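Use the sequences and the hints to build the structure in full.
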Amino acid sequence: MSARLEPVLAARVGEVLDGAVVVGERRAEGEPYTRVETDLMVEVLAGAGRHGILTVVRIR
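According to the numbering used here, the stretch in the sequence shown is residues 12 to 71, in order.
Certain hints may be false.
[Claimed, not checked] Using C-beta positions, here's what the derived DEER-type ranges look like:
1) Arg61 <-> Val33: 26 to 34 Å
2) Gly30 <-> Ala59: 30 to 38 Å
3) Gly41 <-> Arg71: 24 to 32 Å
Source of the hints: derived by calculation from the structure; they are not laboratory data.
As the structure is a computational prediction, the values presented were derived from the model and not from experiment.
Ideal Cβ placement from N, Cα and C applies to all residues, glycine included.
As structure tokens, this is what we get:
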């Protein structure tokens, strides 16, 4: 779970995830998400505090 991605980064992530193999469905903090099998790595900044927001910086 992260803050909203910048449009260019969101497009790149979408390209990487297109065609990824779905391996399950989960819920995190009440929000549904789909698990996929991929080699995608992301760099994030973690906000301070108990509910710190994760900000995706770049993908590899």
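Going through the hints against the structure:
no.	hint	verdict
1	Arg61 <-> Val33: 26 to 34 Å	holds, 31 Å
2	Gly30 <-> Ala59: 30 to 38 Å	holds, 37 Å
3	Gly41 <-> Arg71: 24 to 32 Å	holds, 30 Å
Violated hints for the displayed structure: none, as all numbered hints are satisfied.
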